[in-house]
Amino acid sequence: MTWVPNQWYVAAWDSEVDRAPLARTICGEPIMLYRRFDRSPVAMRDACPHRLLPLSMGIKEGDDIRCRYHGLLLDSCGQVKEMPLKADRLNPAVAVQTYPVVERHRFLWVWVGEAAKADPDLVPDLWPCSAEGWAFDGGYYHLDCDYRLAIDNLMDLTHETYTHQGSIGQMEILEAPIVTRAVGNEVFVERWMPDIDAPPFWRDALRRDGNVDRWQICQFIPPSSVIIDVGVAPVGSGATPESHDQGVRGFVIDALTPESENSCHYFWGMSRNFDTADTGFTARFRAQQGGVFLEDVEILEAQQRSINANPDLKLRGYNIDEGGVKSRAIIKRMIRAQEEPAPEAKERIAAE
Amino acid sequence: MTWVPNQWYVAAWDSEVDRAPLARTICGEPIMLYRRFDRSPVAMRDACPHRLLPLSMGIKEGDDIRCRYHGLLLDSCGQVKEMPLKADRLNPAVAVQTYPVVERHRFLWVWVGEAAKADPDLVPDLWPCSAEGWAFDGGYYHLDCDYRLAIDNLMDLTHETYTHQGSIGQMEILEAPIVTRAVGNEVFVERWMPDIDAPPFWRDALRRDGNVDRWQICQFIPPSSVIIDVGVAPVGSGATPESHDQGVRGFVIDALTPESENSCHYFWGMSRNFDTADTGFTARFRAQQGGVFLEDVEILEAQQRSINANPDLKLRGYNIDEGGVKSRAIIKRMIRAQEEPAPEAKERIAAE
Amino acid sequence: MTWVPNQWYVAAWDSEVDRAPLARTICGEPIMLYRRFDRSPVAMRDACPHRLLPLSMGIKEGDDIRCRYHGLLLDSCGQVKEMPLKADRLNPAVAVQTYPVVERHRFLWVWVGEAAKADPDLVPDLWPCSAEGWAFDGGYYHLDCDYRLAIDNLMDLTHETYTHQGSIGQMEILEAPIVTRAVGNEVFVERWMPDIDAPPFWRDALRRDGNVDRWQICQFIPPSSVIIDVGVAPVGSGATPESHDQGVRGFVIDALTPESENSCHYFWGMSRNFDTADTGFTARFRAQQGGVFLEDVEILEAQQRSINANPDLKLRGYNIDEGGVKSRAIIKRMIRAQEEPAPEAKERIAAE
Numbered sequence: 001m002t003w004v005p006n007q008w009y010v011a012a013w014d015s016e017v018d019r020a021p022l023a024r025t026i027c028g029e030p031i032m033l034y035r036r037f038d039r040s041p042v043a044m045r046d047a048c049p050h051r052l053l054p055l056s057m058g059i060k061e062g063d064d065i066r067c068r069y070h071g072l073l074l075d076s077c078g079q080v081k082e083m084p085l086k087a088d089r090l091n092p093a094v095a096v097q098t099y100p101v102v103e104r105h106r107f108l109w110v111w112v113g114e115a116a117k118a119d120p121d122l123v124p125d126l127w128p129c130s131a132e133g134w135a136f137d138g139g140y141y142h143l144d145c146d147y148r149l150a151i152d153n154l155m156d157l158t159h160e161t162y163t164h165q166g167s168i169g170q171m172e173i174l175e176a177p178i179v180t181r182a183v184g185n186e187v188f189v190e191r192w193m194p195d196i197d198a199p200p201f202w203r204d205a206l207r208r209d210g211n212v213d214r215w216q217i218c219q220f221i222p223p224s225s226v227i228i229d230v231g232v233a234p235v236g237s238g239a240t241p242e243s244h245d246q247g248v249r250g251f252v253i254d255a256l257t258p259e260s261e262n263s264c265h266y267f268w269g270m271s272r273n274f275d276t277a278d279t280g281f282t283a284r285f286r287a288q289q290g291g292v293f294l295e296d297v298e299i300l301e302a303q304q305r306s307i308n309a310n311p312d313l314k315l316r317g318y319n320i321d322e323g324g325v326k327s328r329a330i331i332k333r334m335i336r337a338q339e340e341p342a343p344e345a346k347e348r349i350a351a352e
Numbered sequence: 001m002t003w004v005p006n007q008w009y010v011a012a013w014d015s016e017v018d019r020a021p022l023a024r025t026i027c028g029e030p031i032m033l034y035r036r037f038d039r040s041p042v043a044m045r046d047a048c049p050h051r052l053l054p055l056s057m058g059i060k061e062g063d064d065i066r067c068r069y070h071g072l073l074l075d076s077c078g079q080v081k082e083m084p085l086k087a088d089r090l091n092p093a094v095a096v097q098t099y100p101v102v103e104r105h106r107f108l109w110v111w112v113g114e115a116a117k118a119d120p121d122l123v124p125d126l127w128p129c130s131a132e133g134w135a136f137d138g139g140y141y142h143l144d145c146d147y148r149l150a151i152d153n154l155m156d157l158t159h160e161t162y163t164h165q166g167s168i169g170q171m172e173i174l175e176a177p178i179v180t181r182a183v184g185n186e187v188f189v190e191r192w193m194p195d196i197d198a199p200p201f202w203r204d205a206l207r208r209d210g211n212v213d214r215w216q217i218c219q220f221i222p223p224s225s226v227i228i229d230v231g232v233a234p235v236g237s238g239a240t241p242e243s244h245d246q247g248v249r250g251f252v253i254d255a256l257t258p259e260s261e262n263s264c265h266y267f268w269g270m271s272r273n274f275d276t277a278d279t280g281f282t283a284r285f286r287a288q289q290g291g292v293f294l295e296d297v298e299i300l301e302a303q304q305r306s307i308n309a310n311p312d313l314k315l316r317g318y319n320i321d322e323g324g325v326k327s328r329a330i331i332k333r334m335i336r337a338q339e340e341p342a343p344e345a346k347e348r349i350a351a352e
Numbered sequence: 001m002t003w004v005p006n007q008w009y010v011a012a013w014d015s016e017v018d019r020a021p022l023a024r025t026i027c028g029e030p031i032m033l034y035r036r037f038d039r040s041p042v043a044m045r046d047a048c049p050h051r052l053l054p055l056s057m058g059i060k061e062g063d064d065i066r067c068r069y070h071g072l073l074l075d076s077c078g079q080v081k082e083m084p085l086k087a088d089r090l091n092p093a094v095a096v097q098t099y100p101v102v103e104r105h106r107f108l109w110v111w112v113g114e115a116a117k118a119d120p121d122l123v124p125d126l127w128p129c130s131a132e133g134w135a136f137d138g139g140y141y142h143l144d145c146d147y148r149l150a151i152d153n154l155m156d157l158t159h160e161t162y163t164h165q166g167s168i169g170q171m172e173i174l175e176a177p178i179v180t181r182a183v184g185n186e187v188f189v190e191r192w193m194p195d196i197d198a199p200p201f202w203r204d205a206l207r208r209d210g211n212v213d214r215w216q217i218c219q220f221i222p223p224s225s226v227i228i229d230v231g232v233a234p235v236g237s238g239a240t241p242e243s244h245d246q247g248v249r250g251f252v253i254d255a256l257t258p259e260s261e262n263s264c265h266y267f268w269g270m271s272r273n274f275d276t277a278d279t280g281f282t283a284r285f286r287a288q289q290g291g292v293f294l295e296d297v298e299i300l301e302a303q304q305r306s307i308n309a310n311p312d313l314k315l316r317g318y319n320i321d322e323g324g325v326k327s328r329a330i331i332k333r334m335i336r337a338q339e340e341p342a343p344e345a346k347e348r349i350a351a352e
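Protein chains in written order, with my numbering: chain W, 1 to 352; chain E, 1 to 352; chain P, 1 to 352.
Derived by calculation from the structure, the hints in this document are not laboratory data.
Treat the hints with care, as some may be off.
Intra- or inter-copy, both count: the list cannot distinguish identical chains.
Cross-link-like lysine-lysine pairs, in silico, DSS-like; alpha carbons within 27 angstroms at most [said to hold, decoys possible]:
hint: 1; residue 1: K117; residue 2: K60
hint: 2; residue 1: K314; residue 2: K86
hint: 3; residue 1: K332; residue 2: K81
hint: 4; residue 1: K81; residue 2: K314
hint: 5; residue 1: K86; residue 2: K117
hint: 6; residue 1: K332; residue 2: K117
hint: 7; residue 1: K326; residue 2: K314
hint: 8; residue 1: K81; residue 2: K60
hint: 9; residue 1: K60; residue 2: K86
Given only the sequences and the hints, what does the whole structure look like? Please build it.
Given below as structure tokens:
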């Protein structure tokens, strides 16, 4: 397996799921999502327990879902309410698997693994998507590649210069030194560019000319999100790598969710603390960001095809890849930790 | 293998096959069909014995077929008549496999298995397709699903209510009790609805108002056909589940032929004993039936995809599925019977 | 493996490759081709040594290629010139595999196998493509079939009568006897048709009426080319199977290059010694030849599909197939010779 089990994964944008079912495969499992009348989200296996027809093809009846094949009726907890023949006695063992689901930070998160372990406190903290004083919007792409290739991509912004040379690429990025460090299960790749001429986008956001301190801090949050803290502050305003709310700031949000070993869902967006009420800017920026990220889609899918076509070759890690390498190491460690028996269990076995 | 060997399977409608070759894969074997001048059908492996080019791409010369690659000429018994170089001596060992083929009940049936065992008396008795006093017409669909899913579908009409809710679905069907029984290698699922208000279609067929006795009797005929006896008779006319020719009656005809483990050919139609000379009605009904069966195509192909996508889940059988369950059990038993040595053979082995 | 390793294979027409990269998979290996400023060709593995993005998506900088993902710069010998971060120390071990490549006879030839063994003298001698006094032109098709099926096709012209019956097929071809012989690693299939009425194409080329001696001599040149020597000479002009430059003559050129086990590249053309300055004729003939060869594409791809669909059937070799059978035997022998240890090695093993 290439992903960590027993984790929350983004299954959809809050805006994607309404009363009608949405079908999406998460970590290899076909799942159907919809909302109850009270707007609370439901996630269940997208297969009728009777003959496996996708429930997402079914008929919503209030909060229940009726299979379109033989009419089996399931409530929103996955429990049977009517057998195909109404006369038949309800068999309470008839049920469809449901998944713990939480709505937070503008996304619906589904727990993949043992439901008993699902703790909402473990939802990755994408706070910029929902915090007061911040404006957040974004979009969704389907990627025909291993989700880890997308994480590699985001944990190293060197690629901006070439992949995005027609849009946001800039040579200065290559000249700034980077500092990479792992903190617990997170990884940070930091680029601090003191006293430089602000690029047009940021000068406009700041609404003034003059040199700035600029930063780009990529943060890997397991199991599969990346937040990139970007922005500028006027020189001398006291901004430091540790604290920099003096100027204008944004968080590029990237949540990757495995669909299969070779495909994934990409939820992306940008949260900002400037011009937050300017809905026109929000829409224009979203369109622009979507265009830039399409350049990544092209690269990532070509990379996956090339990996498949060159089975004798290996991905290499250079200095710039340290962020991705460390992130993958964390993913691997977390997968292993799930596979191995817990230490106490081991002791007990040894004692017998 | 999912189908029974040494059986007759419908390969085509009589109207599909003419002097020009038709290519169709039956039970995994590419087969070419055409008619001789005397209209008798020919079925042969669709591969030239020389370099395997499909013979269906070839050139008909009278009743013979000439390969379009190097011109090898085969007669309609599959025997070579000319080598690629006319000057070359005929090698009588050059031949293509032919298949026993019989035209009956408006279909061409091909024997899949050992040709020596092909007995025309074993052709499934789809008598309503060819009996005096009955009008029969229908169509063909290709299904991307295991043929047994289509048999399940037809042996349980509960699905009409939901799958066909936009067309022929009716709630009353769910309220009538069903009786399921196996008789030899056949299975019957019977629904007898006495003294009910006739639905519009049947009232019109009967040409009178008033309550009727209505029936739906699904019959599985191995290896892979289903006939559904449907109709109504005026209350008090003496119709019984065993004998009911007092009113108007039809037989829905369904012949499924495996193409591969995950795809099949679906030959469907309706035979009726009323308005048999009304060709306009025949055409209108055929179009309507085709539309209804397309709703099944959508369901069956989605079901197959879902089965593939949820390998950890199993099809469940409830009461309504008894007809399909029993039919599948017969198919399994017939496959096993072909695989096992005959009893005498077993004894002989034991004796040695 | 179905092809001979350690051989030169045509990778492209000279006209297909310019300063911009061309991507083509040769014998299973994704390869990128381009020309340096001095027009010399470059062939390298189409995968950046860093993260495997196809280099053919990259940016040419002079004779170098820069990966479009992170900007790794490689010179035209495959050696790194700049790491993704300019500041990073060059790691001289970073390199991409290059392939020996030679431009000869209007084609770019790539050596597949051990580079140390690549000897330009081993390039198959397709001299009619580049000789003084001959005019050569042609085209390219991608074939979804094993390249050996195309060689079979070309080493037996019997198929012209049927496959090309709408274009160049002629019955006379079937009546002329053929002589097949292997000479070293080459195979010749010779048809000599003395004193016949010239077909319209050749009468026109000869610019006179009257009977001619006509020939068709197919020559297999390993590992995967076929040249067909065709033409006519006036009766009595002294033309013999061994020497026949008295009339008008052409060489049909066919170079097949495996892409995968089930697909290949087909480079085809015609070289002639008449009307060599008539560029209008060259263009008209190229269009006509392309049309005829499309008839072969249809046959060959259908044959491959049929081979896959009929795994229980085998290709048969009749008299007419002797040329193809002998050519395949040579290919097999050459593959084996590469697999087996050299005789000295065997002795050494035996002695131990």
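Evaluated hints:
no.	hint	verdict
1	K117 with K60	neither (30 angstroms within a copy, 53 angstroms between copies)
2	K314 with K86	between (59 angstroms within a copy, 23 angstroms between copies)
3	K332 with K81	neither (42 angstroms within a copy, 33 angstroms between copies)
4	K81 with K314	between (53 angstroms within a copy, 20 angstroms between copies)
5	K86 with K117	neither (36 angstroms within a copy, 47 angstroms between copies)
6	K332 with K117	within (20 angstroms within a copy, 42 angstroms between copies)
7	K326 with K314	within (17 angstroms within a copy, 40 angstroms between copies)
8	K81 with K60	within (13 angstroms within a copy, 62 angstroms between copies)
9	K60 with K86	within (17 angstroms within a copy, 58 angstroms between copies)
The structure fails to meet hints 1, 3, 5 from the earlier list, while all remaining hints are met.
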